[in-house]
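Sequence lines, in order, name chains B and V. One point on numbering: in the numbering used here, the residue at position 181 of the first sequence is 181, and numbering is uninterrupted. One point on numbering: in the numbering used here, the residue at position 185 of the second sequence is 1185, and numbering is uninterrupted.
Just so you know, not all the hints are guaranteed correct.
[Claimed, not checked] Per the computed footprint, the stretches of chain V lying under chain B, defined by three or more beta-carbons under 8 Å from a beta-carbon of chain B, are:
#1 1099-1111
#2 1132-1145
#3 1163-1173
#4 1190-1199
#5 1221-1227
[Stated by the list, open to error] Quick list of in silico lysine-lysine cross-link-like pairs, DSS-like style, CA-CA up to 27 Å:
#6 Lys1108(V) to Lys108(B)
#7 Lys159(B) to Lys1034(V)
#8 Lys159(B) to Lys1224(V)
#9 Lys1175(V) to Lys108(B)
#10 Lys1159(V) to Lys196(B)
#11 Lys45(B) to Lys1175(V)
#12 Lys13(B) to Lys159(B)
#13 Lys1108(V) to Lys34(B)
Bear in mind the hints are in silico, worked out from the structure with no lab data behind them. Backbone N, C-alpha and C define an ideal beta-carbon position, used for all residues, glycine too.
Protein chains: 2
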Amino acid sequence: MRFLDQVRDAMHKNNSLVCVGLDPLLEQFPAHIKELDQCIFEFNKYIIDATHDLVCAYKPQAAHYHAQGAEDQLLMTIQYVQDNYPDIPVILDSKRGDIGSTADQYAKEAFVRYNADAVTINPYMGIDTVEPFTRYEDKGAVLLCRTSNPGAAAIQNLKVGEQFLYEVIAETAMKEWNNNDNVLLVVGATNPDELKRIREITGDMTFLVPGLGAQGGDVEATVKNGLNSKGEGIIVNSSRGIIYAGNDEDFAEAARNAATELRDQVNQYR
Amino acid sequence: MRFLDQVRDAMHKNNSLVCVGLDPLLEQFPAHIKELDQCIFEFNKYIIDATHDLVCAYKPQAAHYHAQGAEDQLLMTIQYVQDNYPDIPVILDSKRGDIGSTADQYAKEAFVRYNADAVTINPYMGIDTVEPFTRYEDKGAVLLCRTSNPGAAAIQNLKVGEQFLYEVIAETAMKEWNNNDNVLLVVGATNPDELKRIREITGDMTFLVPGLGAQGGDVEATVKNGLNSKGEGIIVNSSRGIIYAGNDEDFAEAARNAATELRDQVNQYR
Chain B
1 MRFLDQVRDA MHKNNSLVCV GLDPLLEQFP AHIKELDQCI FEFNKYIIDA
51 THDLVCAYKP QAAHYHAQGA EDQLLMTIQY VQDNYPDIPV ILDSKRGDIG
101 STADQYAKEA FVRYNADAVT INPYMGIDTV EPFTRYEDKG AVLLCRTSNP
151 GAAAIQNLKV GEQFLYEVIA ETAMKEWNNN DNVLLVVGAT NPDELKRIRE
201 ITGDMTFLVP GLGAQGGDVE ATVKNGLNSK GEGIIVNSSR GIIYAGNDED
251 FAEAARNAAT ELRDQVNQYR
Chain V
1001 MRFLDQVRDA MHKNNSLVCV GLDPLLEQFP AHIKELDQCI FEFNKYIIDA
1051 THDLVCAYKP QAAHYHAQGA EDQLLMTIQY VQDNYPDIPV ILDSKRGDIG
1101 STADQYAKEA FVRYNADAVT INPYMGIDTV EPFTRYEDKG AVLLCRTSNP
1151 GAAAIQNLKV GEQFLYEVIA ETAMKEWNNN DNVLLVVGAT NPDELKRIRE
1201 ITGDMTFLVP GLGAQGGDVE ATVKNGLNSK GEGIIVNSSR GIIYAGNDED
1251 FAEAARNAAT ELRDQVNQYR
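Construct all of the structure, not just a fragment, from the sequences and the given hints.
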């Protein structure tokens, strides 16, 4: 099944636009988890089991695994979702990008080695870096457009003629790079006006929207400005705000509560 | 020792501005290597032993290891250089970039897990993505500026006021992001005029220059336009043109010959 269909089905099934980011940081783990073998995978398993009926996707962030040398546990995490909750797609958040022949290798990493359903991509190197990913028609290629971090504006809001750079990326992604209809955009929740502008530019395209929760984005403005004409089109990610809602024996329950709360907050404004 | 000092010393010692890119592709390996255990590491070892006195740096490209699940052999490769040829620095070419807290993890990957001497970084997300790397004062942070791939111009040559986007990146990198004097730029050899322009903007900053060899850049124009006021300042990378110069029993010798030739061509125009 194509990634965008998969995520839409999961949105309907769980009545949720929420994606849980799986960004393991050992120093934030509950003590009883930290002492386990393969504690990253064990931590993720608890979070996934506790939230699978509340989400439309999971998004493991690659750096957190690479820093620990835990590629095996990243793979186990993705397989765990696919084996146990096959309706929930997995977005590998690794923000790859390189010349064509190297992007081929990154696409192989994401889609063959890890069998992720989608991957995030940095568009600074242009179409050569995008096409090796979009060529996998059933997979999603999620391009950085306007990111949620404070320093992003210094680059992404540079003025290119009458437009901001992020608007050029959005337009180019939609008109020139989306031939296989599997491109999505990353648009941070920290700038609702810009989210609105990107929605105007891109029609019903789907966005991955990080920046709620720990990064402080506003839920109402995000949902109202982000939804497409079908009342969908945003995958609202929260990582730290959900997975580190608690750090004790009951951390999975705390994560479930935080995910429920975010899902309900989002749904309230749909 | 600081990365930029290390690379300068290696340039002097070996009278070379050449960097060999270690981009393992199993289908290009000689048959007698492909059948070995840990053939990626074995291949790299032959290349390194055959070229260590001809280069100023090595540059393993991360995607080629990730696609194979060969992070262990990437680490072994870096350690092999450091143990056997400690004068030659290693640039991990992984083009990372993310929000601050995640960039911390990518910096940890590059500088702690792999103990690389420098890493390539995609600047599209701004200062938050750069600072976690430049904070490691002895390490090099090599920012994409004007890349060598054909599709790069559609983004990097967008006009921002009177400047091209890549010029803005070069200027911002030099004036605002280089507080620890450890920022370098990636500037492709495929556009010598742009190389010249970036040299004018950035004074004596050091560039990593890919795109000679397989990608077709012109050596004379690259060297003349790229050198800084000290007759240095460019790390000229070739990957496929050197490591796949031969694919038979004598592949290491063929690589040595190709590296010698490139070194001499470059030196001819210094």
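Hints, one by one, checked against the model:
1. 1099-1111: holds (count 8)
2. 1132-1145: That given contact is violated, which follows from only 1 residues of the segment 1132-1145 of chain V lying within Cβ reach (below 8 Å) of chain B.
3. 1163-1173: It holds: at least three residues are needed, and the segment 1163-1173 of chain V offers 4 whose Cβ sits within less than 8 Å of chain B.
4. 1190-1199: Three-residue rule not met by the segment 1190-1199 of chain V, so violated; n is 0.
5. 1221-1227: violated (count 0)
6. Lys1108(V) to Lys108(B): 24 Å, holds
7. Lys159(B) to Lys1034(V): 50 Å, violated
8. Lys159(B) to Lys1224(V): Outside the cut-off at roughly 33 Å; violated.
9. Lys1175(V) to Lys108(B): 37 Å, violated
10. Lys1159(V) to Lys196(B): 24 Å, holds
11. Lys45(B) to Lys1175(V): 46 Å, violated
12. Lys13(B) to Lys159(B): 41 Å, violated
13. Lys1108(V) to Lys34(B): Answer holds: Lys1108(V) to Lys34(B) is near 19 Å, not above 27 Å.
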